[in-house]
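A.B. asks: Each chain, written out:
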Amino acid sequence: MTKLPPEPDQSAAKPEASRIVNPRREFLRSAGLFTGTVAALGGGLELLSRRPGAVAESVTPGLVGQAKRPLGPYDVSDPVTPYQQATTYNNFYEFGTDKADPARMAATLKPRPWTIKIDGEVKKPMTVDIDTLQSWFPLEDRIYRMRCVEGWSMVMPWLGFPLAGLIRRLNPTSKAKYVQFTSLLDPKQFPGQRSNVLTWPYVEGLRLDEALNPLAFMAVGLAGRVLPGQNGAPLRLVVPWKYGFKGIKSIVRITLTDKQPKTTWSIAAPDEYGFYANVNPKVDHPRWSQATERRIGDLGRRPTLMFNGYADQVASLYSGMDLKKNF
Amino acid sequence: MSKASPSPAASAAKSAPKRRANTFGGLGPGIVVGGLVPMAVMLWDAKTGALGANPVQRLQLQTGILALALLLISLAATPLRLVTGWTWPARVRKALGLLGFLYATLHVLVYLVDKGILISDFGLATVLDDVVKRPFITVGFVAWLLLIPLALTSFKSSVKKLGFERWTLLHKLVYLIVALGVVHYWWGVKKDHTEPLIYGLIAALLLALRVIFKDFRSKKKVRSAGKPATP
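Order-wise, the sequence lines are chains S and F.
Under my numbering, the first residue of the first sequence carries the number 44, and numbering increases by one thereafter.
Under my numbering, the first residue of the second sequence carries the number -5, and numbering increases by one thereafter.
In short, the hints are calculated from the structure, not lab data.
Careful, some of the hints might be misleading.
Heads up, simulated EDC-like pairs for lysine to aspartate or glutamate below, C-alpha to C-alpha not over 20 Å straight-line [stated by the list, open to error]: (1) S:K302 <-> S:E89; (2) F:K127 <-> S:D162; (3) F:K184 <-> S:D314; (4) S:K325 <-> F:D123; (5) S:K218 <-> S:E193; (6) S:K367 <-> S:D301; (7) S:K166 <-> S:D118; (8) F:K41 <-> S:E89; (9) S:K305 <-> S:D252; (10) S:K218 <-> S:D162; (11) F:K41 <-> S:D301; (12) F:K185 <-> S:D301; (13) F:K184 <-> S:D327; (14) S:K218 <-> S:D172; (15) F:K185 <-> S:E315; (16) S:K325 <-> S:E315; (17) F:K166 <-> F:D123; (18) S:K305 <-> S:E315; (19) F:K184 <-> S:D252; (20) F:K127 <-> S:E193; (21) F:K127 <-> S:D301; (22) S:K220 <-> S:E315; (23) F:K127 <-> S:E315; (24) S:K160 <-> S:E193; (25) S:K302 <-> S:D341; (26) S:K218 <-> S:D327; (27) F:K185 <-> S:E193; (28) F:K185 <-> S:E164; (29) F:K184 <-> S:E164; (30) S:K325 <-> F:D124.
Just a few of them, taken from the derived set where beta-carbon distance is under 7 Å, the chain F residues facing chain S [said to hold, decoys possible]: (31) G19; (32) I25; (33) V31; (34) M33; (35) L37; (36) A40; (37) K41; (38) T42; (39) A44; (40) N48.
Ideal Cβ placement from N, Cα and C applies to all residues, glycine included.
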């Protein structure tokens, strides 16, 4: 440390002032200084560091007692993540990069009226209203694990329809090899799009055989209710054996294509996020391990399962592939 | 940074230099209590559920930001003194640095809890693996390790024991520590690098100010030679 600057010697100029002792004044000054310092430092630090969680709208999920419903062939038996947590802890950068932002900002998104453009390698390109599209299929409940690439997981009671049914109905041509999904681009509804933290609109994709796997799902609801904005209203993809960022939200366009789609996160950080993004405890993120995860609500961590526990249903899709290269 | 600087006190100091110790009464305790406010609020948040769905992750982030912010504020003390000539920043520097160390230590503890030290399913092996293999963790861990000798030598007697020169040299480590902290923060965020960038720029600015003003003062020192040094 360097030396203190010279003190101005003012005692010589004002000898009387320094000798006057007024205990009351001094106490008040000290108390004021103390209070001011506590407020300034404490307040400043709080402003800098505190990011309180969002508070969910207090609703009774429609799917009351869903645990009692007999589990379907695609359901997991893990306890379902409480609705409050599933709707206040979200990665949805279109609303902001903090996990509480989506729940706070979701009201800016207007999920009706909403249309979805279907184009590319399909026999009949079209634009279809969300309610029409939804009416094509009976809605199903699916209790799926959701593993975020950041190392946490939830168990989500989705409501929707299998993607395979939608793809078949769209009549892909023989050239179709991939399905590309595009999110809404509208900074008025998605204030986070005013920042260029990612390239907008968000784009995701699947290989056609992945999309036709019975686990691949299009969700329009959560816990028996209409899908909340922060979870990707009105229509989102759910691919439970892949990291959560593959589950593109608020879809406005579905394109069948012969080329592998350039997906948003693989553009943002190609060495960290690949096209496949299969949950794999043996292939670590360059900066952190993927061997374990925290189930939301747990204090500790649990081992991450290969393909998020869906290996029986999906491992064959990747037979012969080097999953370290195709991460 | 200078939020913690009630300027009336500073001007008061000038008018009554002999009673300086009393004039600044309240400042030191204010720094300590103010620095502990976030800890109290974190406990309150934990109790009320305001930490959200992943409290461990929130505490991890918040304690890290607090450690970095407090170290930066403590680093601002000397440049502030050099620029303004005020003496009070030097009085609060130690407390700020120790508070930074406190939050850095909490940050490490939260990380250990996150890694399952409490339930010991994965435990120490995972932590060591992380520290060795992941630069992001390595850098943060080294920063915390380097803070320990600084915290241990933050007493007046340490300056005497080590000698002023060596003590000063040791405590210059704080610049390296803050740099490591900024890199750790940068590598820790998934995409939005705004905040780590701001912290990095502030650290660079503080270092630059110190270099510039030290030059300026060492030229001036010739005139006012012989003043006692206060560590």
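A.B. asks: Please go over all the hints and tell whether each is borne out by the structure.
C.D. replies: Hints, verified against the model:
1. Restraint check for K302 (chain S) and E89 (chain S): the C-alpha separation of about 48 Å exceeds 20 Å, so the hint is violated.
2. Restraint check for K127 (chain F) and D162 (chain S): not satisfied, since their Cα atoms lie roughly 45 Å apart, outside the 20 Å limit.
3. For the hint pairing K184 (chain F) with D314 (chain S), the CA-to-CA distance comes to about 13 Å; that is within 20 Å, so the pair holds.
4. The straight-line distance between the Cα atoms of K325 (chain S) and D123 (chain F) is roughly 14 Å, inside the 20 Å bound, and the hint therefore holds.
5. Using a Cα cut-off of 20 Å, the hinted pair K218 (chain S) and E193 (chain S) is violated, with the two alpha carbons roughly 35 Å apart.
6. A threshold of 20 Å between alpha carbons decides the hint, and for K367 (chain S) with D301 (chain S) the separation of about 24 Å lies outside it, so the pair is violated.
7. Between the alpha carbons of K166 (chain S) and D118 (chain S) the distance comes to roughly 33 Å, so the proposed pair goes past 20 Å and is violated.
8. Between K41 (chain F) and E89 (chain S) the alpha-carbon distance is near 17 Å, which keeps this suggested pair within the 20 Å criterion.
9. The hinted pair formed by K305 (chain S) and D252 (chain S) meets the criterion: a straight-line CA distance of about 18 Å does not exceed 20 Å.
10. About 13 Å separates the Cα atoms of K218 (chain S) and D162 (chain S), which keeps this hinted pair within 20 Å; it holds.
11. A threshold of 20 Å between alpha carbons decides the hint, and for K41 (chain F) with D301 (chain S) the separation of about 53 Å lies outside it, so the pair is violated.
12. The suggested pairing of K185 (chain F) with D301 (chain S) is violated, with an alpha-carbon distance near 30 Å, which exceeds 20 Å.
13. Between K184 (chain F) and D327 (chain S) the alpha-carbon distance is near 15 Å, which keeps this suggested pair within the 20 Å criterion.
14. This hinted pair does not check out: K218 (chain S) and D172 (chain S) have alpha carbons roughly 26 Å apart, beyond 20 Å.
15. Pair hint K185 (chain F) plus E315 (chain S) holds up; C-alpha atoms about 11 Å apart against a cutoff of 20 Å.
16. At most 20 Å may separate the alpha-carbon atoms for a hinted pair to count; K325 (chain S) and E315 (chain S) meet this at roughly 14 Å.
17. As the CA atoms of K166 (chain F) and D123 (chain F) are separated by approximately 30 Å, the hinted pair breaks the 20 Å bound.
18. With a C-alpha separation of about 14 Å, the suggested pair K305 (chain S) and E315 (chain S) falls inside the 20 Å cut-off, and the hint holds.
19. This hinted pair does not check out: K184 (chain F) and D252 (chain S) have alpha carbons roughly 30 Å apart, beyond 20 Å.
20. A distance of roughly 17 Å separates the Cα atoms of K127 (chain F) and E193 (chain S); the hinted pair therefore holds under the 20 Å criterion.
21. Restraint check for K127 (chain F) and D301 (chain S): the C-alpha separation of about 39 Å exceeds 20 Å, so the hint is violated.
22. About 24 Å separates the Cα atoms of K220 (chain S) and E315 (chain S), which puts this hinted pair outside 20 Å; it is violated.
23. In summary, the hint linking K127 (chain F) to E315 (chain S) is supported, as the alpha carbons are separated by about 16 Å, within the 20 Å threshold.
24. Annotation: proposed proximity of K160 (chain S) to E193 (chain S) is violated, straight-line Cα distance about 31 Å (limit 20 Å).
25. Between the alpha carbons of K302 (chain S) and D341 (chain S) the distance comes to roughly 41 Å, so the proposed pair goes past 20 Å and is violated.
26. Restraint check: the Cα-Cα separation between K218 (chain S) and D327 (chain S) comes to about 34 Å, which exceeds 20 Å; the hinted pair is violated.
27. Simply put, K185 (chain F) and E193 (chain S) have alpha-carbon atoms about 12 Å apart, close enough for the 20 Å limit, and the pair holds.
28. For the proposed pair K185 (chain F) and E164 (chain S), the alpha carbon gap of about 33 Å is over 20 Å, so the pair is violated.
29. Between K184 (chain F) and E164 (chain S), the direct Cα distance comes to roughly 34 Å. Violation of the 20 Å bound is thereby established for this hinted pair.
30. For the hint linking K325 (chain S) to D124 (chain F), the alpha-carbon distance of about 14 Å falls within 20 Å, and the restraint holds.
31. A cut of 7 Å between beta carbons decides the hint on G19 (chain F): the least distance to chain S is about 4 Å, and the hint holds.
32. Hint status for I25 (chain F): holds, given a least beta-carbon distance of 6 Å to chain S, under 7 Å.
33. Restraint check, V31 (chain F) versus chain S: the minimum CB separation of about 3 Å is within 7 Å; hint holds.
34. A cut of 7 Å between beta carbons decides the hint on M33 (chain F): the least distance to chain S is about 10 Å, and the hint is violated.
35. A distance limit of 7 Å between C-beta atoms decides the matter here; for L37 (chain F) the minimum to chain S is near 12 Å, and the interface restraint is violated.
36. Against a cut-off of 7 Å between C-beta atoms, the interface hint on A40 (chain F) is violated, since the closest Cβ of chain S lies about 11 Å away.
37. The criterion of a C-beta within 7 Å of any C-beta in chain S is not met by K41 (chain F), whose closest approach is roughly 13 Å, and the hint is violated.
38. The restraint placing T42 (chain F) at the interface with chain S is violated, with a minimum CB-CB distance near 9 Å, outside the 7 Å limit.
39. Checking A44 (chain F) against chain S: minimum C-beta separation of about 5 Å stays under 7 Å; hint holds.
40. At its closest, the beta carbon of N48 (chain F) sits 6 Å from a beta carbon of chain S; the interface hint therefore holds under the 7 Å criterion.
In summary, the structure is inconsistent with hints 1, 2, 5, 6, 7, 11, 12, 14, 17, 19, 21, 22, 24, 25, 26, 28, 29, 34, 35, 36, 37, 38 from the numbered list given earlier, while agreeing with the others.
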